[in-house]
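Listed below are the residues making up each chain.
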Amino acid sequence: MNQTTHPRSPKRRRMLQAAAGSAALSTIGFPAIVRGQASTLNVGVLLPVSGVQAFIGQSCKYGADVAPAVLAEMGYGSNIRLIHADTETNVDVARSRAEKLINDGAQVLVGPFDSGAAAAIAQVAEQKGVPFVINIAAAPQITEQGYKFTFRNFPTSPELVRNGLALMRDLFQATSTAPRTAVFMHVNDTFGQANRKAIDAILPRLDFLPFKVVDTISYDPATKDLSVEVAKAKSANPDFLMVVSRLNDAILLRREMVKQRWNPMGVISPGSPGMYEAQFYNALGKLSEYCISNVPWYDPKAALTRRIEAQMAKQFPKEKLMFHALNVGYTFEAILVAADAFKRAKTADPKALAEAIRQTDIKERMMLGGPIKFNAKGQVEGNQSAAIQNLNLRPTVVLPASAAESKPVFPVPEYKRA
Amino acid sequence: MPLPLDLVANVVVAGLLAGLVYGLAALGLSVIFGVVRVVNFAHGEMMTAAMYLAIVLVGLTGLDPLVAAVPVGAILFVFGYALQRGLINPFVTRPEHTQFMLLVAIAIILVNVQLMVFGPNARNVQVDYALDSFEIGPLIVDKVRVYAAAAAVLAAASLFAFFRRTLVGKSIRACADNYLGAQVVGLNVKRLYALTFGIGAACVGAAGCMLLLLVDVTPVQGPAYTLLAFIIVIVGGMGSLTGALAAGVIIGMSEALAGLLIAPSAKSMVTFAILILVLLFRPQGLLGRAG
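Those protein sequences? They're chains U and H, same order as listed. So the first sequence is numbered by our numbering: it starts at 84 and just counts up by one. So the second sequence is numbered by our numbering: it starts at -1 and just counts up by one.
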């Protein structure tokens, strides 16, 4: 008998029913499948690779550049795509670049090493509903606005200052010194002002520090000449100089101190960039010696540090991680937070990513401190500081004693010409 | 509490020395406007170009930047001459807004060429005496400031001597005083204009080499130097060479004293305040001619 299929035959009916059922199922389930199948996470990386903070921005960028390979090694896959944008050390440019990155498809933003720029980008992130993971920016108000999409894995200025001042106490105890006076010089940008506010609030309440601040001098971070400021600081005849600086001004400051033959007991930063950066050593040579920065630092023994160091050696053989560790470490960790959230959320939807970031609990870190875990304000607590002194032209941990590579030198010998 | 006298003295001297270099930089702008009646809105960008040229020359030959001021000045002279002759001359009699647009366009081109060639990072030159200072009683004065200021005075004196004692200099002054009269007596005004632009550019070039001893250079600094030069020229008097030098010193010292007596971040505020006062009460400038 001929087995021609009749239009109304049971076999044909079952086939049509199956096809209709599949179509219905796929229509209902399609959006969920598409969302879940996000194959790539687009991470917008905002850093100041030009302008006044170019050197530090470029240093941070190493952390971003090594991230894809290291994350792949760590099991986060190879589907993290970085889209770089230059903030030009300008707040307005940072804002517009953040908007452009989001329009270009970035599902999460990372950066921008500057409190002013971070505040501007946080507003954009909040408006657009895109998570923003801050690598380095200390102004406390950024995570006090009630933003739902801004997250920070870096200490705030009060935390930096508290840790920094405690390390000063440890320094004076370790060296059996008791300086009585200090001049405080600081950049007058958002970060510098936040630090000053923190020092003004915290220092008078501390009874374990022997010194008082006899003068406070602020200056423009983009200044080309600090001769007046240093002359003013020198005339106050302080025992030591406390400084909150950026990089270029830190270099100018040291040069000016040498030109004006000013030799205080030491130069100590309670928590700011500049004096441990590669360019500081390159520009000043031996004049960079003995400066102390009390800053969040990396754990040289951590497994992640070794991974990042190895990848840096492959990609940037001329650079040494120790001269970029803070910048590289925090920038990498910011991208790690994004990658970790992507892995858990299984989607690149910005709102789902933000929710996943809130649940972050990363124990494998490069930087000293507890796990990366955000509190209700989007802030990680427990990042630790170390006293980093420039010894033999390299940043050397001198405190806390448990992690020290060398004993601190304070007061410092007279400056020698490079 | 009164400030220590040695502090005030040190700051005043530092301001005076810096002001002499600013004055030389502004001289170039004043020379060009005084004769050619064109405002060089690319002034600051030409200065940064000179600073980069100096860095290259110092790197290649090991010359001191102050010595490099001579060849850099010569190169800028040729550039300025060619620019005037080739591009700016047709605009001398055109409306001022077209001159403005032309020179701003030149400025933008210069900045971007510098960005492409040298990148955005700050550069400088290191000299052996960069961190040395003279100690004279309570005064401690940077050697680089002293040398840069001395070179600026020498360059300015040479310029004054050129305009007062040479035939070409007198011819240029004649063009500035009476354009028609200069043509009537047979002076080649177009050539003299080009020479003047070249001389102004050479001043900028020399000033750039001296400034390099004091500050780092980035391509985007040009507009700030243009603005500073404008302020100095307006305060001193457009077209007045002595005025430009004097105003440079005034601005240099006022910046330094403002930083000391008010706050370091008030330096620019005082500079602009001086500008406003001059515009209100003596709009032709301190040593400029009225009308």
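If you are wondering where the hints come from, they were derived from the structure by calculation, not from laboratory data. Careful, some of the hints might be misleading.
[As the list claims (entries may be wrong)] Computed from the model, here is a short list of chain H residues facing chain U with C-beta under 7 Å:
hint: 1; residue: 2
hint: 2; residue: 11
hint: 3; residue: 12
hint: 4; residue: 118
hint: 5; residue: 129
hint: 6; residue: 254
hint: 7; residue: 258
Computed from a prediction, not measured in an experiment: that's the story for all the values here. For every residue, glycine included, the Cβ atom is placed at its ideal position computed from N, Cα and C.
Hint-by-hint comparison with the structure:
1. 2: Cβ of residue 2(H) sits 5 Å from chain U, so the hint holds.
2. 11: At 10 Å from the nearest chain U Cβ, residue 11(H) fails the 7 Å test, so the hint is violated.
3. 12: holds (5 Å)
4. 118: holds (4 Å)
5. 129: Holds, because the Cβ-Cβ distance from residue 129(H) to chain U comes to roughly 5 Å (cut-off 7 Å).
6. 254: Cβ of residue 254(H) sits 5 Å from chain U, so the hint holds.
7. 258: Interface hint status for residue 258(H): holds (5 Å vs cutoff 7 Å).
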